[in-house]
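**Q** In case you want the letters, here they are:
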Amino acid sequence: MVKITFVEADGVSYDIKAPEGWSLMEAAFHNGVEGIEAECGGACNCATCHVYIDERYLDKLPPIGSTEDEMLECTAAERRANSRLSCQIELTAELDGIVVDLPETQI
Amino acid sequence: MSDAGIVIVGCGHAGLSTAETLRRRGYRGRVRLIGDEAGLPYQRPPLSKQFLKGEWDQSRLIQRNAEFYVKHDIELIPGQMATSLDVGGRSLALESGERLTWDNLVLATGAKLKRLQVSGADAAGVYYLRTLAQAKALRAALSGATQIVVIGGGFIGLEAAAAFVDAGKSVCILNGADSLLPRAASGPVARHMAGLHLGRGAQVENAIELAGFDTQGGRVSGVTLRDGRSFPADIVLVGIGVEPDTELAQTAGLKCKDGILIDEQCRTSAPDILAAGDCARFRHPLYHRLVRLESIQNAIEQGKHAAGTLLGDTDPYRAVPWFWSDQYDTKLQIAGLADGHDLEVIRGDEQGERFSVFCYARRRLLAVESINAPADHMIARRLIQSGISPTADDAANPDFNLRDLL
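Residue numbers (UniProt numbering), protein chains in the order written: chain R, 1 to 107; chain Y, 1 to 406.
By construction, these hints were calculated from the structure, which means they are not laboratory data. Just so it is clear, the structure is predicted and the values come from calculations on it, not from any experiment. A hint or two may mislead.
[As the list claims (entries may be wrong)] Cβ-to-Cβ under 8 Å is the rule here; a few derived chain Y residues that face chain R: (1) Thr-21; (2) Arg-25; (3) Tyr-27; (4) Pro-45; (5) Pro-46; (6) Gly-54; (7) Glu-55; (8) Gln-58; (9) Ile-62; (10) Asn-65; (11) Ala-93; (12) Leu-132; (13) Lys-136; (14) Arg-139; (15) Leu-142; (16) Thr-330.
[Said to hold, decoys possible] Listed below are the simulated DSSO-like cross-link pairs for lysine-lysine, each with C-alpha atoms no more than 27 Å apart in a straight line: (17) Lys-114/Y - Lys-3/R; (18) Lys-60/R - Lys-114/Y; (19) Lys-17/R - Lys-114/Y; (20) Lys-53/Y - Lys-114/Y.
[Unchecked claim] Far from chain Y, some chain R residues (derived; all Cβ distances over 10 Å): (21) Val-7; (22) Glu-26; (23) Tyr-52; (24) Leu-58; (25) Lys-60; (26) Ile-64; (27) Met-71; (28) Glu-78; (29) Arg-79; (30) Arg-80; (31) Asn-82; (32) Thr-92; (33) Ala-93; (34) Asp-96.
Each residue gets a CB set at the ideal place from its N, CA and C atoms; glycine is no exception.
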């Protein structure tokens with residue numbers, strides 16, 4: 001299991017454990033983290049699972065794919081250097097302890 | 001108001017979205033969510049994609065975990081059909097015999113499968129795909145099958161066909177319409193998707209008329225057409241669409257017309273009863289006509305809207321409909337509703353792997369269908385929502401930045 005902390009824009013945080021192989025979005029979604037909409041259920045179709053990734057973990061993530069890159073250009077909240085779509089990040093042991101900040105809005 | 005609270009019938013995407021939104025926005029009354037399937041509410045889109053391919057197990061389909069319902073005090077009543085509705089008495093009877101009273105009722109009854117009525121249609125080996133139970137049965141049957149016939153060229157049929165081809169099966173798509181995705185896509189997109197399936201080795205037959213299923217010992221062995229052609233099959237998947245589940249509403253006397261009729265705030269003809277999702281028909285302010293949408297996006301957003309109405313919001317529902325379908329490595333995304341369009345403008349290379357079709361009626365942009373062009377799709381959603389129609393020349397010009405119009 002991978003330990004993840006999601007921090008909503010208003011400071012509310014969730015400590016969650018999710019299995020390796022799941023996506024970061026699924027971990028949030030199953031546990032009802034509010035700042036993730038994930039309307040398309042993880043198919044990189046809606047850009048409503050936008051997150052800001054803990055800088056210490058950025059280089060442990062898979063590179064941004066072309067679809068994700070285009071979708072990130074269309075997020076509701078501003079795209080930053082550490083922006084990712086959480087449905088495109090598969091949980092691995094290396095990500096244990098990751099802190100993920102959620103934007104103010106997804107829609 | 002009594003303490004009966006809100007009862008939601010249907011725990012698909014619309015019903016769950018209503019329940020969650022009520023809680024997230026601070027509703028303190030009782031919330032009960034009734035579903036006719038057993039277990040926790042799950043996501044339907046992956047059933048014909050990741051789940052069918054065997055990439056996901058059942059646990060990944062679950063929408064929210066069990067603790068979520070406890071934490072938010074949403075009373076989940078799964079595995080129960082609602083059998084009758086008493087509008088005046090504000091009560092709902094369940095098949096268990098239990099009778100629930102409510103202050104407000106939300107009907108999120110969804111849609112039910114259209115079934116084929118031909119000889120052999122009830123033979124073993126004939127599958128449908130809408131529920132988790134059906135997806136599990138189909139997935140379990142796949143390992144023993146080499147030849148599969150898919151009846152229907154809509155989203156479900158094509159997504160399943162792609163999963164079957166990827167699993168090394170010999171696949172034939174028998175489609176009653178003249179082209180694939182007849183209700184959903186324009187000519188260029190339909191042709192692209194047909195080319196995609198043909199290129200991967202699937203057979204595609206359009207404009208077919210079914211005569212019946214061939215059977216051997218009660219098991220399906222093939223499909224025969226009226227013109228005499230016959231296609232052998234170990235299993236057959238039927239994906240010929242759905243119809244709104246309006247039974248409860250209709251017998252209770254609510255106004256229905258291929259869907260439960262609702263106003264712009266999701267209210268049915270009985271003011272205390274709302275409806276949302278696949279079961280509901282409403283006048284869409286962006287399209288000025290009655291529509292009924294079969295989509296996740298509408299289910300989720302209309303569910304939220306219904307919750308908003310119950311909390312006192314008065315704004316009309318006007319979300320841009322959008323749809324997606326993932327087949328093989330291709331991403332089809334549709335923003336808006338193209339019905340009635342009189343002009344198609346291609347942005348990108350129609351013969352290539354990436355393009356969008358801008359569909360206009362009288363120069364107004366109705367819909368944009370994108371093949372592997374997610375940025376076009378996302379911008380299109382915003383253009384349509386804002387009522388902005390790029391000129392045909394600008395839409396066709398890949399060097400024109402559509403974002404500049406926003």
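**Q** Run the structure past the numbered hints and jot down the numbers of the failing ones, going up.
**A** 1, 2, 3, 6, 7, 8, 11, 12, 13, 14, 15, 16, 17, 18, 19, 22 and 27
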